[in-house]
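Student: Sequence:
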Amino acid sequence: MNKIIFLAVIAFVVAAIALNNNFTSIHHGEASFVYDASSIDETVAQKVHQHLIDENAYAGKSGEVLMLKKTQEGVWVVKFPVYQGGDVPSKLLQELEAMSLRLQKAVLNNEPLEVHITNAGYQSVQFFRV
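Residue numbers (this note's numbering): -8 to 121.
Treat the hints loosely; a few may be bogus.
Said to hold, decoys possible - List of simulated lysine to aspartate or glutamate pairs, EDC-like, C-alpha gap at most 16 Å: (1) Lys96 - Asp45; (2) Lys38 - Asp27; (3) Lys96 - Glu46.
No lab work stands behind these hints, which were simulated from the structure alone.
All chains, please: the whole structure from these sequences, using the hints.
Tutor: Below, the structure written as structure tokens:
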């Protein structure tokens, strides 16, 4: 019974996110990059996608690699669905921060960027600004 309630809550959260945003994705092999098409135009999304290819961010991965959106205040938000419980390894945090900084510089015109470490449902467990 608890498992059914848990799955129903997860489905509700995912549906609420999907209804409030216009998310789409660009695929590269088995991996994909998700972005909010209501806040990011396709030209920028393609530049981010190419940057991810250049960074080998898709290499050896399947599923969603990251999600990107821009807030109404003009802050970019990148979410990495890498959290699997416990502490996030400091090496992984350093890699994601470095990757985010390169993305910010190469594609996002050095505009403010928040980096979120999330679970597979994009619920943030940790975040920081770069």
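Student: For each hint, tell me whether it holds in the structure or not.
Tutor: Tested hints:
no., hint, result
1, Lys96 - Asp45, "holds, 14 Å"
2, Lys38 - Asp27, "holds, 14 Å"
3, Lys96 - Glu46, "holds, 13 Å"
In summary, this structure violates none of the numbered hints.
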